[in-house]
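Knowing the structure of chain A, use the given hints to seat chain B on it.
Protein chains in written order, with our numbering: chain A, 1 to 250; chain B, 1001 to 1184.
Derived by calculation from the structure, the hints in this document are not laboratory data. For clarity, every value in this text was computed on a predicted model and none was experimentally measured. Where a beta carbon is used, it is the ideal one built from N, C-alpha and C, also for glycine. Be aware that a few hints might be false.
[Unchecked claim] To give an idea of the chain B side of the interface with chain A (calculated C-beta under 10 Å), a few residues: (1) Asn1013; (2) Gln1023; (3) Ser1050; (4) Arg1117; (5) Gly1119; (6) Trp1120; (7) Ala1129; (8) Tyr1131; (9) His1165; (10) Ser1169.
[Said to hold, decoys possible] Beyond 12 Å from chain A on every Cβ pair, some chain B residues (computed): (11) Ala1019; (12) Thr1038; (13) Glu1069; (14) Pro1076; (15) Pro1116.
[Claimed, not checked] Distance windows between CB atoms, simulated: (16) A/Ser220 to B/Lys1098: 48 to 54 Å; (17) A/Pro230 to B/Ala1113: 27 to 33 Å; (18) A/Ala181 to B/Glu1139: 37 to 43 Å; (19) A/Gly240 to B/Asp1065: 49 to 55 Å; (20) B/Glu1111 to A/Ala242: 21 to 27 Å; (21) B/Glu1056 to A/Asp71: 27 to 33 Å; (22) A/Asp41 to B/Ser1035: 38 to 44 Å; (23) B/Asp1065 to A/Ala144: 54 to 60 Å.
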Amino acid sequence: MPLPRLIPCLDVAHGRVVKGVSFVNLRDVGDPVELARHYSDGGADELVFLDITATPDESATMVDVVRRVADVLAIPFTVGGGIRSVDDASRIIEAGADRVSLNSAALATPSLITDIAARFGSQAVVVAIDAGDGVVHTHGGRRATDIATVPWAAEAAARGAGEILLTSIARDGQRSGFDLALTQAVRDAIDIPVIASGGAGSARHVAEALAVTDAALIASIVHENPAGLPGLRRDIEACGIALRPLKEPS
Amino acid sequence: MSDVVVVDYGAGNTHSVRASLTQLGRTSVVSADPSAITAAPFVILPGVGSARSAMEHLTETGAADALTERFNADGPILGICLGLQLALEASQEDGGVKGLGLVEGLVVRLETARIPRLGWAMVEPWNEAFYFAHSFVAESPHSVATSEGVCAAVRKGSFFGVQFHPEKSDVAGLNFLERCLSLA
Chain A
1 MPLPRLIPCL
11 DVAHGRVVKG
21 VSFVNLRDVG
31 DPVELARHYS
41 DGGADELVFL
51 DITATPDESA
61 TMVDVVRRVA
71 DVLAIPFTVG
81 GGIRSVDDAS
91 RIIEAGADRV
101 SLNSAALATP
111 SLITDIAARF
121 GSQAVVVAID
131 AGDGVVHTHG
141 GRRATDIATV
151 PWAAEAAARG
161 AGEILLTSIA
171 RDGQRSGFDL
181 ALTQAVRDAI
191 DIPVIASGGA
201 GSARHVAEAL
211 AVTDAALIAS
221 IVHENPAGLP
231 GLRRDIEACG
241 IALRPLKEPS
Chain B
1001 MSDVVVVDYG
1011 AGNTHSVRAS
1021 LTQLGRTSVV
1031 SADPSAITAA
1041 PFVILPGVGS
1051 ARSAMEHLTE
1061 TGAADALTER
1071 FNADGPILGI
1081 CLGLQLALEA
1091 SQEDGGVKGL
1101 GLVEGLVVRL
1111 ETARIPRLGW
1121 AMVEPWNEAF
1131 YFAHSFVAES
1141 PHSVATSEGV
1151 CAAVRKGSFF
1161 GVQFHPEKSD
1171 VAGLNFLERC
1181 LSLA
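For reference, chain A alone in the conformation it holds in the complex (with noise of 0.2 Å):
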């Protein structure tokens, strides 16, 4: 298998990084070029953008974004919010970004994960799956469906996902570690790779997570303090999980 994964999550409005609280009281932390470039010096083996406002008022401005992220950055990353077409698709991948993200898109429209997935292949398809309960939600994880979340995995893999970004809805923004028993079900039904979300609150619960999945996604445990991040990569190895060596800039 590849190394674990230590994915930084961004929330993106208007064109600049936010932090808030189920999308109330957000506050700028700052411009996504500067912190994207921050987080991959301090050795970030990937990054997720999410366009929080997801309109398509806004889509020009994430376009720009992803433009000028991928100008600087030379790690991959993978966009989400608002994106419900392959033409969505197309513009945020031909704009530099390695892959796209699908959440309540792709439950509205399943044959957009095999479409987005013919055209770029299956490795720049992303489906993110809020999930609670057993079940799939939408908005933001505030609204149930009546989709089983482990059948729904198998699914969005069978049509063409490359990776399933799995957010325990109980967890998000908890710190209390992450649903392993609900990471570990969902990857155990399928064969292409998971990302744990939801719960990190530790470098014991990050290695946690990658004891049992493929990669983890770090929102607040690294945005309170982006510094920290060799220093969590550091305790991470403490733990036991190896990541992957850095290099110096020569």
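Showing chain B alone in chain A's frame:
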């Protein structure tokens, strides 16, 4: 003339390759023009998309013949990911696709536990980690590096192909690109 021609086949993420070249102080242009491909100091065949549509595009534009002509004249070409796979004789992808045939070998579906094979992995004998994102892999007598038992690089004459993405492999990737460019 630009330092590097990044070959256009309609679906590639050429932006990231060009951005890394800019970071290394090289000028580049995205083109499928046969005369640009034969004349350039250095050519990169990048890698995102499907084998069939890529080959169709390369054939229609005349880029396929230009790449062969360039290779026969010992002009340096770096193939990245799908760009490496296209240089081989044939691929199992998309129900079977004939490649450029610059390098002996075939492209087969990975048999690793998780597909796509995504993430950073060590490449031997170079002892460095690079970023991979692939579902197919080369099997070639010209393999010069491996990663977890699968082919990570092939080299024959002036063609160098890598399965990983140097433009997405942080410092290790930029150093690798710089070595390729400076050797040319």
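Worksheet item: Measuring from beta carbon to beta carbon, are A/Ala181 and B/Glu1139 in 37 to 43 Å?
Response: The hint (37 to 43 Å, Cβ to Cβ) holds, given that A/Ala181 and B/Glu1139 are roughly 39 Å apart.
Worksheet item: Are all beta-carbon distances from B/Thr1038 to chain A longer than 12 Å?
Response: Holds, because the least Cβ-Cβ distance between B/Thr1038 and chain A comes to about 26 Å, which exceeds 12 Å.
Worksheet entry | Least C-beta distance from B/Glu1069 to chain A larger than 12 Å | It holds; B/Glu1069 is separated from chain A by about 28 Å at its closest Cβ, greater than 12 Å.
Worksheet item: At a threshold of 10 Å, is the proposed contact between B/Gln1023 and chain A supported by beta-carbon distances?
Response: 7 Å, holds
Discussion item. Taking 49 to 55 Å as the stated bounds, is the beta-carbon spacing between A/Gly240 and B/Asp1065 within them?
Written reply: 53 Å, holds
Practice prompt. Closer than 10 Å between Cβ atoms is the bar; does B/Gly1119 clear it against chain A? Give me holds or violated.
Written response: 3 Å, holds
Worksheet item: Is it true that A/Ser220 and B/Lys1098 lie within 48 to 54 Å of each other by Cβ?
Response: 51 Å, holds
Worksheet item: Are B/Glu1111 and A/Ala242 spaced within 21 to 27 Å by their CB atoms?
Response: With a Cβ separation near 23 Å, B/Glu1111 and A/Ala242 satisfy 21 to 27 Å, so the hint holds.
Discussion item. Let's test the interface hint: is any C-beta of chain A closer than 10 Å to that of B/Arg1117?
Written reply: Since the shortest Cβ distance to chain A is 6 Å, the answer is holds.
Fill in: Interface hint status, B/Ser1050 versus chain A (Cβ within 10 Å)
Where the cut-off is 10 Å and the nearest Cβ of chain A is about 7 Å from B/Ser1050, the hint holds.
Discussion item. A range of 27 to 33 Å was offered for this pair. Does it hold for the Cβ distance of B/Glu1056 and A/Asp71?
Written reply: 30 Å, holds
Worksheet item: Is the Cβ of B/Pro1076 more than 12 Å away from each Cβ in chain A?
Response: It holds; B/Pro1076 is separated from chain A by about 22 Å at its closest Cβ, greater than 12 Å.
Hint compliance for this structure: hints 11 and 15 are not met, and every other hint is.
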